[in-house]
Amino acid sequence: MVAKAKRTKRKLRASALIAATAAAVLALTACGGGSEPKSADGKVELRFSWWGGDKRAQLTQEAIKAFEAENPNITVKAEFGDWSGYWDKLATQVAANDAPDIIQMDEKYITEYSTRGALLDLSKYKIDTSKLDEAALNAGKGEKGLTGIAAGINAATILANPAVFQAAGVALPDDKTWTWEDFERIAAEVTAKSPKGTYGAAAYGTDEASLGVWLRQNGKSLYTQDGKLGFEPSDIKGYWEFLKDMSEKKAVPSASEIVEAEAAPLDQSGLATGKNGMAFWWSNQLPALEKAAGGELQILRFPSKTGKADDAGLWYKASQFWSASSRTKHPEEAAKFIDFLTNNVKAGEILLADRGVYPNSDVREAIAPKLAKADVKVVDFIGAIKDELGEAPAAPPKGAGAIQEIIKRYTSEVMFNRLSAEEAGKKAVDEMKSAIS
Amino acid sequence: MSAIGELSSMTRRKGPMTKEEKKANGRDNKAAYVFLLPWLLGLAVITVGPMLMSLYLSFTDYNLLQPPEWVGLDNFVRMFGDARLHNSLRVTFTYVLVGVPLQLAVALVIALVLDKGLRGLPFYRSIFYLPSLLGGSVAVAILWKQIFGTTGLVNQVLAMIGIEGPGWISDPNTALGSIILLHVWTFGSPMIIFLAGLRQIPVMYYEAAKVDGATTLQQFWRITLPMLSPIIFFNLVLQIIGSFQSFTQAFIVSGGNGGPSDSTMFFTLYLYQKGFGQFDMGYASAMAWFLLVIIGVFTAINFIASKYWVFYDD
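Top to bottom, those sequences are chains A and B.
Just so we're aligned: the first sequence equals residues 4 to 440 in this note's numbering.
Just so we're aligned: the second sequence equals residues -7 to 306 in this note's numbering.
Worth flagging that the hints you see were computed from the coordinates, not collected in a lab.
The reader is advised that the hints may include incorrect statements.
Covered by chain B, according to a simulated footprint, are these stretches of chain A (three or more residues, beta-carbon under 8 Å) [said to hold, decoys possible]:
id: 1; region: 87 to 97
id: 2; region: 119 to 126
id: 3; region: 349 to 360
id: 4; region: 398 to 409
id: 5; region: 415 to 428
Where a beta carbon is used, it is the ideal one built from N, C-alpha and C, also for glycine.
Pulled out of the complex, with its shape left as it was, chain B reads as follows:
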């Protein structure tokens, strides 16, 4: 934050620009735009264009095969009566509200342990980061399915101690839990950010606390957590936004149908099914915009709440 402030004051000028300078400035801007052109085109063609299109489609009945027909707010009204959509919201909220705090807690604990200055830290850091790189991938989701299957690794281990485990992925009572576990397992990227944040906390605070006789736990609550709160906040916002949109794991683990009995039917998965499986692209577009609103609201709440618990040291 302060770094950005410094940057802006560095470029801030005293007094008006001369004509010559203005001209040079304009040229530089033009050059910048030329260099940006491929990216800008990509943004327009790949992001903004389709977004506007989907906004338009959300007010239409569009079956992919025939031209869309304007239906006004129909799609949004239909969402109120769609029991499967309500179920998908319940699944998604459970995933976000359980999965994100759990994942961040694990990430923080591991980061704290690693921060103690283990020998071979880079090695452990890489090992713990690995799941993050793999976790979102199709291959790991398939592996997950095997591990948690009826005759999978987990149940084989359980069988050794005489417990007959359920089919974790194929039982509606445990399927969502298995996917949440997969999410928690990918704690690597918040962990790396936590580690960086921990390194930023000045050692003098801890030294002063030790002199005053504070215990390790007290140091954690009184120094580490408040000093780390901006980082926690950052991770929280990112992870919540990301989790609301997660799709791959549920798609692969459930074989694309959100089963068994809709227990892993994420909002995004239902959206996909509606759009591509049931030729209801207008409704799917409306759902996408509804998701955007949900994420927007959650992010806003996060920012408002942050005033009460996030501590900035400047």
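Bound conformation, chain A alone:
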């Protein structure tokens, strides 16, 4: 009896040991992921991450398939998500030495990542840049070489929903001659003639693009060429005072409504749901917004102080960059994929204008007949403002990723009367200075 009991006990113990070890091994292997080296059959797997909505995800997946068809020994694994979570995730991945091989980058963060050695110098690999627009190419150059290749060209715009104007019986503005006063007056008129809850315009003050325009029209800039802040508290004061004035005249929504609108994704934004007559967006977002709104939208130039389009101070922005991780195990293959996205007409025919106007002039021409109506509008607008552009703005310095949040926060402080525009200007500039120092 006793002996038997002992035996079962020992057996039990042995199996417990095996189970425990198995569990531990499983747990450990689960942690130790990361990109694997080339497998025996020469197959390479690349990871590629981007931010964006459903439409972009669909197009990009198609482009990946086209690439894989041409390069049967490379597979590209997609990782995508919303803008808001994208940067937290990327920072964590890079810190954990688990960065994706190909990274969709934004100008706000590219200096941050590249000066800290996280991005590959793409000029050392086989990527043809001869057909790229010079300004777009230069935007990806920094002290660590060419760490990003522009995926598209963009401009800051105001998009208008003609349906809202029509319902209110107000004519669309002439964007070649309008001033900020016109903007306020027209928006207030639309609000007054629309049902409750509909406003003539969405508020600015939740991003740096509109501040950039405002500063440029006043002879200043967000950043200087040597990576400092390009403006003083007094310059940003007027930006908020005017916003407040517009809110009081109901040209734009109330403080609370502005805060709520911030959180809405593109598909549920005021412009897409017909709650705003006009709103501030990047030009490449028009097709996605038209799809969400279920109707046509119109692209407008920003108003100016003088009523001359030449003084609107617009500029071409690299909408996004293709970057590669400096720690990728397959730099050649990653470069090959970026080259495909940048220069291959097949990729262009799939991606069209979703990430902005193609910076490669050959691809741009080749895909022109394939463009949808909405894309054509974007391309035409980018072409139309070519001669009106102001000086190219300085690249955002390291730490620029924090600026938007600061603008947003102090916009709230002003709109809720917690700080005067003047005090907010001082505090915001102090915070911005320490963020990018």
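Fit chain B to the supplied structure of chain A, relying on the hints for placement.
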């Protein structure tokens, strides 16, 4: 408490162990460790390891992309001059000091009502417990945002009686209050514990009090509260520790930025922003350890104060 005492006296042995017994004991211990191994590994890899790492990082300047650099106490010194951190402390303390007592009071009142022996008690108990299960979740936080929005349910109801409500979540004056309300709403788990505690109070006390002509209120103050005080204490400690660390509700309701104008910028949320948003992981680690100290101090105060108001019946 007494149960643990009984357990320990049960296993306590008289006289020294024999060699044979010692051996058997050692074998049993080994077996126990083998069974514990997965958990111990988890503890080491998932809890202790990262904690030690963060302690080290709190003395460094670490931007996530480059190796950390030792800066000594710099991060801790910086906290003294960080106005946004001070604001986040103010927000967090308000949340804890208002939210926890309110939540416990609601939990106690509901528990008292349920304890009266309603028909269908298990049903009501489940219904009241439900928010506790849901309250911490992302889905409910999103729902909360809708209900308290400018055109949300609350304002629609208010509009019926002619009041134009503010945007509860999007107005800096009411945003924190809305999140505190969400916290109070999740009173289920302390309520269940209170209910269990109420069941433990011997009926004879109440019977004796009734014979002496005590009113219901007197019974509550003189019998229920003192007898329940260990349970209240337990709930208080747990809820305070938990509330200091709450993150999800504020993160979701404010869209991750602690807005409007930092009015819902909890300490944990600011920590997260510093670490992952602004590439300041050294500072964020230092903040985490500072939070640990705050919670430690509060728990210590709780335990010291408990000597004066918690009544143990043994």
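Results for each hint:
1. 87 to 97: holds (count 6)
2. 119 to 126: holds (count 3)
3. 349 to 360: Since three or more residues must qualify, the claim that chain B covers the region 349 to 360 of chain A is violated, with 0 doing so at under 8 Å.
4. 398 to 409: holds (count 4)
5. 415 to 428: n = 4 at 8 Å, threshold three: holds.
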